[in-house]
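Q: Residues per chain are reported as follows:
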Amino acid sequence: MKNRLKVLRAERDWSQADLADRLEVSRQTINALETGKYDPSLPLAFRIARLFGQPIETIFDDGQA
Amino acid sequence: MTSSSSSPRLNGARLAQGVAGLIVGGGLGYLVGRLLKQGDIDLSGLTWSDSVAALIAVMLFVVGLILIAATFHRGLAARVMDPASDRPARPAQITFYRQQAIVLALAGVMMAAPVAARLAWQPLSSELAGAAMAAIVALFLVQTVLNLSVWIRADEMIRQTVAEAGAICFWVLQGALFLWAAAEKLELVPALSAWDMMTILMGFYLVISSVISVRRGLA
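Chains as they are written, first to last, in our numbering: chain A, 1 to 65; chain B, 1001 to 1219.
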């Protein structure tokens, strides 16, 4: 699944570790999300959406739209 | 900003881990070699699964020891556990890393213990075997508690990696076990012992979990 996590993070000048701290996950998880190696659980997707103040579908793209 | 690509620092951290592994592993190899040369231990009675289990046990123990040592320095712990990290490990991370390291080291000790006991005491009396088994059960209980603690502290990707590795191992090995059992019943292949099967399971799990971890950037 594609996502805009890296762009949203870069806009705020956060490192992967900064974002990991805010989401209470490991930095490796952020890296895996950004590189498309891991799809988040629904609870984590909601936490990401709330953190960036955007709907889930504007952050994640399953290619079906 | 943290880079996700392979960097000189990342390669340096991996190289340092490899060198540390060679030093500790080499030291253990030298010690075993000396004991063999002096005739203090006799490996002639070892089965293939004893040898493989001993190799896996040494690997687990050595990696566990290296990681435990690394957790006494916050910067080193971060580099060893997450080479691309741009900051020292926090106290909570240190505790988490240390628990993982102790779980690995204990797994190594428990795997080596039955083989080592049989090598050290020949013949092995029932009293000594009972004492060794009691020690293994005690270590197993401690390791189980630590394993549960690691699972609770781990984030969702680590948990999913463990769950996926477990699922793949179950589906592949239950099929392999069925086919081997059928062939064994038909007297086409030799019988496997519980120790043989445990060794295959542990080796296969380590390979699968390592592959999944590397693919997700965890290792």
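Keep in mind that the hints are not guaranteed to be accurate.
Quick partial rundown of chain B residues pointing at chain A, CB under 7 Å, derived from the structure [to be verified]:
(1) D1040
(2) S1085
(3) R1153
(4) M1157
(5) R1159
Incomplete in silico selection of chain B near chain A, CB under 7 Å [claimed, not checked]:
(6) D1082
(7) R1087
(8) D1155
(9) E1156
(10) E1184
(11) R1216
(12) G1217
(13) L1218
I should point out that these hints are in silico values taken from the structure, not numbers from a laboratory. Here a beta-carbon is modelled for each residue, glycine too, at the ideal position from N, C-alpha and C.
Q: For every hint, state whether the structure bears it out.
A: Verification of the supplied hints:
no., hint, in the structure
1, D1040, "violated (44 Å)"
2, S1085, "holds (6 Å)"
3, R1153, "violated (10 Å)"
4, M1157, "holds (4 Å)"
5, R1159, "violated (10 Å)"
6, D1082, "holds (6 Å)"
7, R1087, "holds (6 Å)"
8, D1155, "holds (4 Å)"
9, E1156, "holds (5 Å)"
10, E1184, "violated (40 Å)"
11, R1216, "holds (5 Å)"
12, G1217, "holds (5 Å)"
13, L1218, "holds (5 Å)"
Violation of the numbered hints given earlier is confined to hints 1, 3, 5 and 10; the remaining hints are satisfied by the structure.
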